[in-house]
Amino acid sequence: MLTLNNIEVIYDGVILVLKGVSLSVREGGITTLLGANGAGKTTTLKAVSGLLRSERGDITKGTIELAGQRVDRLPPHAMVRRGVVQVFEGRRVFEHLTTEENLVAGAHIQHDRAKVREGIARVYGYFPRLAERRRVESGYLSGGEQQMLVIGRALMSSPRVILLDEPSLGLAPMLVEEIFQIVARLNKEQRLTVLLVEQNATLALAIADHGYVMENGRIVLEGAAASLRDNADIKEFYLGLTEVGARKSYREVKHYKRRKRWLS
Amino acid sequence: MSEFFGFFILLMSNGILIGLMYSLIALGFVLVYKATDAVNFAQGEFVMIAGFMAAGGLMVWGAPLWVAVLVALAAMVAFGFGLERVMLRRLIGRPVIAVVMATIGLASILRGLGPFTIFSGTKPLPLPIPDEPFILGPLFIPPIQLVGGLVSLGFLVAFGWFFLKSRKGIAMRAVADNQQVAMAMGIDVERYFGLAWAMTGIVSALGGILWGNLLGVDVNLALVGFKVFPVVILGGLDSIPGAIVGGLIVGIVENVAAGYIDPYVGGGTKDFAPYVLMIMALMIRPYGIFGKRIIERV
Numbered sequence: 006m007l008t009l010n011n012i013e014v015i016y017d018g019v020i021l022v023l024k025g026v027s028l029s030v031r032e033g034g035i036t037t038l039l040g041a042n043g044a045g046k047t048t049t050l051k052a053v054s055g056l057l058r059s060e061r062g063d064i065t066k067g068t069i070e071l072a073g074q075r076v077d078r079l080p081p082h083a084m085v086r087r088g089v090v091q092v093f094e095g096r097r098v099f100e101h102l103t104t105e106e107n108l109v110a111g112a113h114i115q116h117d118r119a120k121v122r123e124g125i126a127r128v129y130g131y132f133p134r135l136a137e138r139r140r141v142e143s144g145y146l147s148g149g150e151q152q153m154l155v156i157g158r159a160l161m162s163s164p165r166v167i168l169l170d171e172p173s174l175g176l177a178p179m180l181v182e183e184i185f186q187i188v189a190r191l192n193k194e195q196r197l198t199v200l201l202v203e204q205n206a207t208l209a210l211a212i213a214d215h216g217y218v219m220e221n222g223r224i225v226l227e228g229a230a231a232s233l234r235d236n237a238d239i240k241e242f243y244l245g246l247t248e249v250g251a252r253k254s255y256r257e258v259k260h261y262k263r264r265k266r267w268l269s
Numbered sequence: 218m219s220e221f222f223g224f225f226i227l228l229m230s231n232g233i234l235i236g237l238m239y240s241l242i243a244l245g246f247v248l249v250y251k252a253t254d255a256v257n258f259a260q261g262e263f264v265m266i267a268g269f270m271a272a273g274g275l276m277v278w279g280a281p282l283w284v285a286v287l288v289a290l291a292a293m294v295a296f297g298f299g300l301e302r303v304m305l306r307r308l309i310g311r312p313v314i315a316v317v318m319a320t321i322g323l324a325s326i327l328r329g330l331g332p333f334t335i336f337s338g339t340k341p342l343p344l345p346i347p348d349e350p351f352i353l354g355p356l357f358i359p360p361i362q363l364v365g366g367l368v369s370l371g372f373l374v375a376f377g378w379f380f381l382k383s384r385k386g387i388a389m390r391a392v393a394d395n396q397q398v399a400m401a402m403g404i405d406v407e408r409y410f411g412l413a414w415a416m417t418g419i420v421s422a423l424g425g426i427l428w429g430n431l432l433g434v435d436v437n438l439a440l441v442g443f444k445v446f447p448v449v450i451l452g453g454l455d456s457i458p459g460a461i462v463g464g465l466i467v468g469i470v471e472n473v474a475a476g477y478i479d480p481y482v483g484g485g486t487k488d489f490a491p492y493v494l495m496i497m498a499l500m501i502r503p504y505g506i507f508g509k510r511i512i513e514r515v
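Chains A and B supply the protein sequences, listed in that same order. Residue numbers for the first sequence follow this note's numbering, beginning at 6 and rising by one. Residue numbers for the second sequence follow this note's numbering, beginning at 218 and rising by one.
Here chain B stands alone, though its shape is the one from the complex (with noise of 0.2 Å):
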């Protein structure tokens, strides 16, 4: 019983820690969603491409870690803002579907553009932090795990002030509620749309360079992205805490499954599970567990 209860535990927790990770990268994804309206299907490539330019600047030119990190975390919040200008912002007040083709487009070509441009093959992306799990009881825990998700959790937590408490933050919402209001008392709504790319790019650096150490960077580091649709349906698009709260969600059923299923199918449970959950929950709760409704008075 004990025994089973400690494979419980350390499911969990591994599942904890991986699901603040997956919420980070959701986040990205939510803040553009949330000011912008616009879906971006190149999530996981904003990721890889981060974690290609800091492998790059780390193994390929040599650099000091933090040099790259910051290197990585300066490009991706140039390439945001640099987005929304040359392409988005083209896009507004278009069709839905032409926003998400588009990120469809960027995202392909991002995935050729990594290899093409700084390396081909796998690298990986070594951080100052040991091997060693820390061991509690049943639990058994890899540092960069516990690293990363209080990395995330310290990002979520930021990014949810930022837009509750703060007057950017509430303008960004208002933005987000109603542009042609918004540009009424005087916000310059485009500045916003940049705003909020940049700061998709600072979280897809730090999602990358984590996600890169933890898989190693190729082209498959990508591949990452696929775990944010779960992670926002159940949350909420539009939702910051709905992103944690998904990202905890999908992290522990994909690790609860596995632990479970995948002894008696030989594998593969890890990358379904969160999706047969996504399903269940559009049926029932389209909009998410934080997820914004439309409001209609009576």
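Just chain A, with the same shape it has in the complex (with noise of 0.2 Å):
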């Protein structure tokens, strides 16, 4: 449903961070981008979300279909109304606004007032804990409640499609555990397209049918879930697993440096 062809962007005119990226994102589907700091997942997402000009970055080369009409020109809002929606990492709640302010903000561009009562009641179904804190101004949240709120904000507007990242940064590892259950549910129940960027690549895989994996600016392996979950190199890299499944030694660096073929 969102296709990226060989994109490329350039930040400040000089500065060179997407160098070609394709992919695609399947509807109903979870596909995941995992990749270490730096690799370009985040200007993935802010290239197709609008949102690279308001950082002076633009898209020099290649074309972001959705549903088949091309996109790639389009200002944050509009992409919105078109049903794709990112979340920042980081948990960037507005934080002067109480909870359920932080809701009603994200229905922006719902006018019917039923409607945005019916999504702040869907949030807190999936949510409960904010329905619990919905008057508390949202800085004062844990960071848990920070990331639910996120979450919960980017389905007011009723999106199609949900960029995610790095939904697990800094959390707990059960608090992380509960969120990726309920982005599950929320794909299965609500049938929300997600584009989730990653870090942690056990848990990404775990919930997603397909993923990439990028590398400096590009895409460097690519396939279903299942077979990346099985893939020696990712395992190595990202699971920190030895081939024998024991953990992984630093002593064999040098190893990681020639098994990492598919870099450049």
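Watch out, some of these pointers could steer you wrong.
Unchecked claim - Here are the simulated SDA-like pairs of lysine to any residue, each with C-alpha atoms no more than 25 Å apart in a straight line:
#1 Lys382(B) with Pro133(A)
#2 Lys385(B) with Ala291(B)
#3 Lys382(B) with Asp117(A)
#4 Lys120(A) with Ser383(B)
#5 Lys509(B) with Val141(A)
#6 Lys385(B) with Val121(A)
#7 Lys382(B) with Ala315(B)
#8 Lys385(B) with Arg127(A)
Stated by the list, open to error - Computed Cβ-Cβ distance ranges for the label pairs, DEER-style:
#9 Pro360(B) with Ala119(A): 45 to 51 Å
#10 Arg61(A) with Ile326(B): 28 to 34 Å
#11 Val277(B) with Ile20(A): 55 to 61 Å
#12 Pro133(A) with Val317(B): 29 to 35 Å
#13 Ile496(B) with Gly18(A): 44 to 50 Å
#14 Ile20(A) with Arg307(B): 20 to 26 Å
#15 Gly310(B) with Glu137(A): 45 to 51 Å
What the hints assert, rightly or not - Among chain B residues calculated to face chain A with C-beta under 8 Å, some are:
#16 Arg302
#17 Val303
#18 Leu370
#19 Arg384
#20 Ala391
#21 Asp405
If you are wondering where the hints come from, they were derived from the structure by calculation, not from laboratory data. Every residue, glycine too, gets a C-beta built ideally from N, C-alpha and C.
Join the two chains into one complex using the hints; note that each chain is given alone, in its own frame.
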């Protein structure tokens, strides 16, 4: 449903960040984009959501298509109206707004008040903890609650595609698991298409059905989630396991260099 | 004793009414700061040119009062939108000092432009409000102050409601909180910047008419803008309740200070007392009484 064809992104007119990224996100599925820090995952999401320009980035080559229509020149609010919404990494709530006001702000493009109320009820259904804290200034919520709030806020625009940027960042493992389970439920129950950017490959590949691996602004590996889980390179570099299933030993760091053959 | 008390009440009541009129002007400043993070040093000049337009319509071109008022309101709204479009949008993302200098420059341009294009010298801005004060016991209330105070209060409450309860107001606060995230939620940030400046235009137009009536319309009308700074520093740069409370404090303090100190020093207390208070406030509570604190979770 969402396709990137050979996207190149340049920041400030000189810094080449994406060097021809192509990927496709299937309707109703969870696609994950894995990679280390600085690989260009977040830039890829911003290229889709139209937020590059607010950071002086520009798509210089390639096209982005949503359900067959070109969307790579659209401003962010036009993308939200077409049903594509981005959730930033780092739990960026509107700190001085209450939980519920955050949700109302998320429903900005929805003009029907009844639908807004319905949306709020739906979000509270998925995240009961937010309902308890509806009147609290969101800057004072806990990290997990803030992550739930930014996902809930994105749902308020009734999106077809949600771009999730590292929901696991800085959260306790149990909370991360809870949040990932909710994302999987949303995908099933609301037919929500998800593009999930993660560094935590284990979790991401557990709920995704398709995955891409990015390094240095390029896609270096692609495949069904199940086959990526079994891929020796992924196991070694992202899951921290050697081939026999023991924990990776850093004595074999040289080995890492040699094995990373799909780089560049 | 009762005479002393009566004098105090009199100073207080006049201070409250004048203070509400300060609040109205400070509201213009707060609206822009809240939504766009821009510090508008031309707020007093906004009030001044609104006064020029109303007085010009009324006294120079002889339009009826309601036409002059409507024209001033419409012109100020257009001016707010236009200014955002032409000047301030280009300054988004630049250092704060760029916006500060731009508005200071704008202030000077407006001070020159008003007398140059509309009229020079001082013109009255008569409103159909009686001159005889109401006398209630010790109170001695000029009707224009009462009208000004009530109009100001009405608008302050209306704008306060807008920001706290309406969806557009929530969107505007979201923009103020985090522009990029607001964009990602489908909020057209630039449109809300324009709206904030237009709202400042409305508030400035009302301020210009009320203060123009009180002080007469000439370049010095812009000086009421100087009272905005103690008001917003006391109340908090981004708080509407803060603008009300700050305005009341400034109005009361300057009236009471003038009432008690002026007889000994021969006048002028009004102009500096609020600033003494402002500097004290900055030392104790730099974000103001209601200003938003930077939230840090522990």
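Hint check results:
As the CA atoms of Lys382(B) and Pro133(A) are separated by approximately 24 Å, the hinted pair is consistent with the 25 Å bound. For a cut-off of 25 Å, the pair hint linking Lys385(B) to Ala291(B) stands: about 21 Å separates their Cα positions. For the hint pairing Lys382(B) with Asp117(A), the CA-to-CA distance comes to about 16 Å; that is within 25 Å, so the pair holds. For the given pair, Lys120(A) sits about 16 Å from Ser383(B) by alpha-carbon distance, which is consistent with the 25 Å threshold.
With a CA separation close to 15 Å, the supplied pair Lys509(B) and Val141(A) stays within the 25 Å bound. Taking the CA atoms of Lys385(B) and Val121(A), the gap is near 14 Å; set against the 25 Å cutoff, the hint holds. Note on Lys382(B) and Ala315(B): the hinted pairing is violated, with a Cα-Cα distance of about 33 Å set against a maximum of 25 Å. Proximity of Lys385(B) to Arg127(A) is assessed by CA-CA distance (about 22 Å); at most 25 Å being required, the pair is judged to hold.
A hinted range of 45 to 51 Å holds for the C-beta pair Pro360(B) and Ala119(A), which are about 47 Å apart. Judged by the Cβ atoms, the range 28 to 34 Å given for Arg61(A) and Ile326(B) holds: they are separated by roughly 30 Å. Here the CB-CB span from Val277(B) to Ile20(A) is close to 57 Å, well matched to the stated 55 to 61 Å. Between Pro133(A) and Val317(B) the C-beta distance comes to about 47 Å, which lies outside the given range of 29 to 35 Å.
For Ile496(B) paired with Gly18(A), a C-beta distance near 46 Å keeps the hint of 44 to 50 Å intact. Take Ile20(A) and Arg307(B): their Cβ atoms lie about 24 Å apart, and the range 20 to 26 Å holds. At roughly 38 Å, the beta carbons of Gly310(B) and Glu137(A) sit outside the given window of 45 to 51 Å. Taking 8 Å as the C-beta cut-off, the interface hint given for Arg302(B) is violated, the closest approach to chain A being about 16 Å.
Because the smallest distance between the Cβ of Val303(B) and any Cβ of chain A comes to about 20 Å, over 8 Å, the interface hint for this residue is violated. A least Cβ separation of about 25 Å between Leu370(B) and chain A goes past the 8 Å threshold, and the interface hint is therefore violated. Restraint check, Arg384(B) versus chain A: the minimum CB separation of about 6 Å is within 8 Å; hint holds. Satisfaction of the interface hint for Ala391(B) is found here, the shortest Cβ-Cβ separation to chain A being roughly 4 Å, below the 8 Å cut-off.
Because the beta carbon of Asp405(B) sits about 5 Å from the nearest beta carbon in chain A, less than 8 Å, this interface hint is met.
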